[in-house]
Amino acid sequence: MKLIDADKLTDLAAALARAGYRVVAPIDDSGVVRLKEWAEGAAIRTDAVPVNSAKDFLFPPSEIIGRWDLDGDDFTPRDVQPDAPKTVLLAVRPCDAAALTLLDTVFNWDYKDEFYNARRQAATVVPMVCTAADEQCFCTSVGGAPDATAGADAMLRPADGGTTLILEPLTDKGNVLLDAAGPALAEGDAVADPPVEIPRRFDVEAVTEWLSRNFESDLWPAISLACLGCGACAYACPTCHCFDIQDEATRRESVRLKNWDSCGFGLFTLHAGGHNPRPDQAARWRNRVMHKFSYIPERFKLLGCTGCGRCARVCGAGMSMSEVCRLIADETKKAPTHES
Amino acid sequence: MSPDPDQAQAVQQPGGNLYTPITMTIADSRDETYDVRTLRLEFPGEAERAAFFEKYRVGMFGLYGVPGAGESAFCIASPPTQDQYIECTFRKAGRVTAALRDREVGQTITFRGPYGNFFPIEEWKGKNIVFIAGGIALPPIRAVIWNILDRRDEFGDVTIVYGARTVADLVYKHELQQWQKRDDVKLILTVDPGGETDDWKGEIGFVPAVLEKAAPSAENAVAVVCGPPVMIKFTLPPLKQLSFPDADAYTTLENRMKCGVGKCGRCNVGSLYVCKDGPVFTIEQLKNLPQGDL
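Chains as they are written, first to last, in numbering that gives the first Met the number 0: chain A, 0 to 339; chain B, 0 to 293.
Don't read these hints as lab results, they were simulated from the structure.
Quantities reported herein were computed from a predicted structural model and do not represent experimental measurements.
Every residue, glycine too, gets a C-beta built ideally from N, C-alpha and C.
A hint or two may mislead.
What the hints assert, rightly or not - Chain A is nowhere near these chain B residues, computed Cβ spacing over 10 Å in every case:
# : residue
1 : 26
2 : 123
3 : 186
4 : 188
5 : 200
6 : 266
Unchecked claim - Which stretches of chain B does chain A cover? Using the computed rule of at least three CB atoms under 8 Å from a CB of chain A, they are:
# : region
7 : 86-98
8 : 173-183
Starting from the given sequences, assemble the full structure and let the hints guide the process.
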């Protein structure tokens, strides 16, 4: 098997960078662990879940999807190609890789988004098995696992008590990456460490079932009262994929941008005529929960949540998707009332 | 009613940029009211024209834009039977519609589409059709009306109930006159109380009440309703009273949209995307949607 010392991940990053990969890895960014492009000298940290998810590098926060030259009232279209460098998503989390199944589906379920697809095809996904978790992690509640291989081209497995990493290829892309790593990897034997145990926090099928009959519920205003509508949860989420399309122009040029958006924003659904189907934060939170746990399962037979817990870690108001799901699951256990 | 499975394949060039519009030239521009304008748009070439009309069925929509301002979704207001151009009708409401309104005949705008599902008019052959529209909601229905009138022999009686807040807010006035003169169209116009002028000869009252009074027969008929959410809501009881089955009454929804193709996530009502599962819905479907999301 292919091994690398756990404290030599930067050697692997350097070898892959030399082989022409853009290396995206969890990097210490002023004390915060953030997935970003690795550069010589950057410290890779695998001891905490990065604040951002791997989606940033397949579906970036802002990207140009159209470009025109402007000349007075005239405009001339110019060709726009996706910016899709060969990339390795190194030591991301299994919950990041699990999200790719949904993103692949959304961006291809009928019409095909070639911007996403070009990046996706150019990406080799190498998650690391989690041997530690925090109280926000809940992948096991939504069908995932700390050692799940869904969406992975190769897996990094901590071994020998965390001193070594096993790099195990799972796909052709993974094999190509191992070849590219060359002497950064050593041949040898190691015993994989057990993945962390993450307790199951709620019964997700009960959540989906409750949602199917509780579009109207007192729970929605109750759970959404704290929400500031800042959208941080959507931006940190590995599966949130809602976007806006906006133009930005100078006198000579205009670009059309596909920008991240969030159903938590008041303007998200506001009609030109003034009507807003989701006029308050309760309606917006309901859509957020419904989309992930009811609408996506209904349409795609998938869940819109991989249990990474990032939304809860970044929320300034202390809200948590797993807590909301647990509350909903608790509702289903309550005795039936006299309500019709 | 369901999205055409071949639609995506037909609209998108393999490997192409889904979001790339074509450039249309404004062939004509008409003011319908003080703030509503219709643009007639010509295709950049025969290939684009033919590709569009191969896919276009009445009820589908498009994204209209001006580089620098952005793009907005609205209906295609002309029918597939008029296949040399398309028309769009819009009210100046924001940045994009203001930019569209600033464009003059001979200048260009961007367009992509057609997207969404369509009215199943092939299933309506031989049936009577009752159109009910309010205000700026006539444009999507106008495309259906002309589609039917351009193939007049294939359909039964045509009744149109159209209302607006004031006489000045009625759109397509020149076409309303044409329809008024035809003996194969029954047109009932109304304005809200207080919206009439001294020489107004139509009805005075809200669309639902006028519909109830006009009482078109539901026998062998379908109804097509389009208007602001509040008008649709109050039109449903009279439709039921007139015995129109919910499955034979249609409407078209226009939610805020960006991508138009089921990606950007904002036009959903409950689990349905207006851009993909609609914009055309039966009243039966509409009633099954979570009402709090409309």
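Comparing the hints with the structure gives:
no. : hint    : verdict
1   : 26      : holds, 16 Å
2   : 123     : holds, 27 Å
3   : 186     : holds, 25 Å
4   : 188     : holds, 22 Å
5   : 200     : holds, 29 Å
6   : 266     : violated, 8 Å
7   : 86-98   : holds (count 4)
8   : 173-183 : violated (count 0)
This entry does not satisfy hints 6, 8, going by the numbered hints stated previously.
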